[in-house]
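Engineer: This is what each chain is made of:
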Amino acid sequence: MLLIDCPWCGPRAQVEFACGGESHIARPGPPDTVGDDIWAAYLFERNNPKGIQFERWCHAHGCCQWFNVARDTVSHEIRAVYRMTDPRPPVDGTRFDEAEGSG
Amino acid sequence: MSGWRLPPSGIFGAERIDRERRILFRFDGRNHVGLAGDSLASALLANGISTVGRSFKYRRPRGIFAAGPEEPNAILQVGRGAAEEPNARATVIPLREGLLAAPVNCRPGLRIDMLAALQPLARFMPAGFYYKTFKAPGWESWEPAIRRAAGLGTLDPAPAPAGAAHRYAHCDVLVVGAGPAGLAAAEAAGAAGARVILAEQDEAAGGNLAWDDRFVDGQPSALWAERLAGRLAGRGNVTLLTRTTAFGLYDHGYVSLAERLPTDLDRGAPPATRLWGLRARRIVLACGALERPLVFQNNDLPGVMLASAVRRYLAQYKVAAGRTAVVFTATDDGYRTAFALRMAGVEVAAIVDPRPDEGPAAQRARDSGLPVFAGSVVSAARGRRAVRAVRIDALQGGRHAELACDLLAVSGGWTPSVHLFSQAGGSLDWDPAQGCFRPAGGPAGIDCAGAGNGQFGLAGAIAAGRLAGTAAAEAAGATAPSPPRRAPDPPDVLEDAEAPPAQLWLVPGANPRKSWVDLQSDVTAADIALAAGENYRSVEHLKRYTTLGMATDQGKTSNVNGLALLAAATGQAIPEVGTTRFRPPFTPVPLAAFAGPYRGDLYRPRRFLPAHAAHVAEGAAFEDFGGWQRPEAYPRGPEDVLAAAAREALAARRGAGLFDASPLGKIEVYGPDAATFLDRIYANTMSTLKPGRVRYGLMLSEHGGIFDDGVCARLAPDRFLVSATSGHAAAVAAMMDEWLQCEWVGLKVLVSDLTTAWATIAVTGPRARSILAALDSGIDLAPEAFPHMSVREGRLGGVAARVMRVSFTGDLSYEVSVPAGHGESLWLAARAAGHTVPIGVEALMILRTEKGFIHVGADTDATTQPADIGMAAAIARKPGDFVGRRSLSRPAFAAPGRLQLVGLERLDGTAPFPVGSHIVEGRDSARASAGAVTSSCFSPILDRPVALAMLRDGLARTGEEVRVFDRGAEMPARVVARCFLDPANARLHG
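These protein sequence lines are chains A and B, in that order.
If you read the first sequence in this note's numbering, its first letter stands for residue 1, the second for the next number, and so on.
If you read the second sequence in this note's numbering, its first letter stands for residue 1, the second for the next number, and so on.
Read the hints as simulated data drawn from the structure, not as lab findings.
No false leads were mixed into what you were given.
Listed next, with one range per pair, are the computed distances between beta-carbon atoms:
| no. | chain 1 | residue 1 | chain 2 | residue 2 | range |
| --- | --- | --- | --- | --- | --- |
| 1 | B | E743 | A | N48 | 21 to 29 Å |
| 2 | B | Q572 | A | H76 | 28 to 36 Å |
| 3 | A | A13 | B | G880 | 35 to 43 Å |
| 4 | A | N48 | B | P144 | 40 to 48 Å |
| 5 | B | S770 | A | G29 | 46 to 54 Å |
| 6 | A | N48 | B | S701 | 21 to 29 Å |
| 7 | B | G880 | A | H76 | 38 to 46 Å |
Each residue gets a CB set at the ideal place from its N, CA and C atoms; glycine is no exception.
Full structure from sequences and hints, please.
Structural biologist: Written out as structure tokens, the structure reads:
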């Protein structure tokens, strides 16, 4: 069970959190200008890296704040915790090209 | 085998028994007497019981083999009734008064087993026998009988007694195992100022110090360990947990432990198990090592035991497992057992050692007069029910002997307990000298020390433990209040020189079909060769095919021998074969421990309405709706819920019904951007709503499906009140917050779920206005002053009140909300305000179905879009983006064949269609579903059944006749408009 360092509450057990999946996925718009393929990619296509994954978590049973986590999917090591508005931090060990993501 | 209790004497070791306290117990239908402090296994041995069960597959008699949790054979049914423990390992069950134990895998009993007739057939039942034999007509027709024949223990279906409450703890350093390395690590970490938890699965600390004839710092090792454990227990910052198994090691230092609570010697009930969840900054694994057996013919006979176990029974329980022993050892440690046996008065007929060159241990044995057969093996044990002789062969050929004995102690090498390390993701290296896997690279924060790390010498283990403990404390950031002036002296240990063990995986000359690798799963050396021959070359496949390493012991004594034999059979090196994956739990944990006391009323907290007591007084029948205990109806006299609901619904249509709507979502949305935000959240427009007015709205998921519906009230220009579906309020509020925090971070909006802060009573029916008037809220109720779809604030009995004129029934309705603490007063006041009838959830469902109002989640699912419920128009007019908008123009949403919500009229009867019954098209084998009934009831005011259904292209099929299918019968129905009652909405105005 992960120990997640909530930027507001400090290190807390994983059971207090909800994982919101991959982060830094830009929402395309306005809707009239977005093609089906772009919208489908936004809705459904996700990275599945063996290595560093950037994902968002909510301290659902605590401060209810969302934040970003850079987690190694192999070792579960958490390499960075940063706010929703922060850019993706440089973290070594990204093993798959994630150029298609943005933000 | 004929075990016996030693007379009080001076043999070494930490004695556990109390000779003054006799304990009566029962095994296999007979009474026996043991001593306080005995394990069930030691008591059985002391009573001379050799056979404790029969084997899983071939029904061969089996005896106690080990002294610890690795025991493969002595798997007993312990206790009776709901508290009985299946598959209990006799080696770890403390004896208690009146304990009942029975063997498994034998019917009717241990001495005569009907299926023992299988034994001569064993040669026809190799690995994969079941898969190859029971194929026609299908495995499932054979399985029940085979399961009955093979099943190990049984479980009483009655609920087990409640388990102990779980505990959660944090520490700087967790040390697993309180043997020499673990004790040293805990002492060092404690001295460095760390908060230490030392977990030991055994009854007491010490590990092999407690049962070996060793000296540390000039003291007997058992005494040294006891004193050190005492000192540790006296330190404020070290907690010693005995009887506590660390069974799972997870991420980030999270460890699960199972603590067996102390046994009450006088009570028959088994001790409960307490689960611990522990978070440690650093972990030192000092888990020790398990002895491996040797694989030779008939090595499964009762009387064949692990050499270290024989020594443990002598030292700790003062039980000798036989009268005449042969020690067959590939290690120097086996000699310690020979010396101990002789010290205890057991005749040692031979020490058989496959190593050709006599090492220091062999020389000491020979010097002290023990007969040593160097370069020799025990190729076969003889005996039918138990071992009575052994055949000894010289490896170089020629010499052989048969020696009578009733105890054969075997030592094939040591296997470090790498289970936890490996669970945490650590990798293993093969140590060719010791013939074992040992920890290599591992996750940060976990260190191994001692025999569990392949450091088998005592002095080395203590030194490694100290180092690991100090390092762990430092890494955990501990600082001693007064640091020790100097490092403690290295322990003074008299260390005998030890020769490396022989690596003998299958004894030459033994019949592989009669040589057992896995005693619990009944897997022989021949089975492994067969599996390899059939190309099961991966160790994981070998495990599944032969069951090697499965069942309750998970191959603790068999895995290394098995994979070494697989390596030999496939021509691979042992490290190439590798090990199977280690998974939690290390040893079995009772499910009752996981359940703990958290069941029944404690399983999940129940939410009660603020006016719960009033509903109880009204005679409500309660049901769980989305976690809330709500009245489903208020039955009178002999009424059932259905009859009560029909009466309540009719009364509400004719007069005034009172409904407790407190769980209805009440999410307040404030801020200068609140209107902008809600326009993005709702599929329809909310920004044009005037303060004081209310509008119905739909929320979609980003995939375009209907997420929630309800009304939204504008309390002030910058303040809205969102009514989410009961039971869905928290999810709606969380969804809003996620959009605000993750996507529209610039919007100045605050979302606050105040659902439980307010109690809400709905008054509905033609007489609703007069009831409300009697409540005297100070609000002008005149229809033009307080029109439908508006909200007003007032005061009731001195407290703030909100009144919303909205309707989920089609009748004139008001929803009155007051702070939750006044909910019961509000209910009582409304009941006193005139003639009303309390109505439950079931009646409300009738009222809304009569009007065709949807219930999101019942009538709709995640794929239902607004157009499917006839709400395309409101959205088409809306400018701008909102959640889910782009998805609505995906091709699938415009494709024909969509399920759409319609009304259904029954044409041939008065019983409502069952919810979930399908609307079918086609006949016989071409019959297919075109949709399903989603809401259905008998309408008392219309005196006929009404139903809502999701039907393919349903909105274009009004008037069509369809067939509803239920359990083989078809019923004709007509597709109609969803609203069955008052389509002109005249009743809304009272």
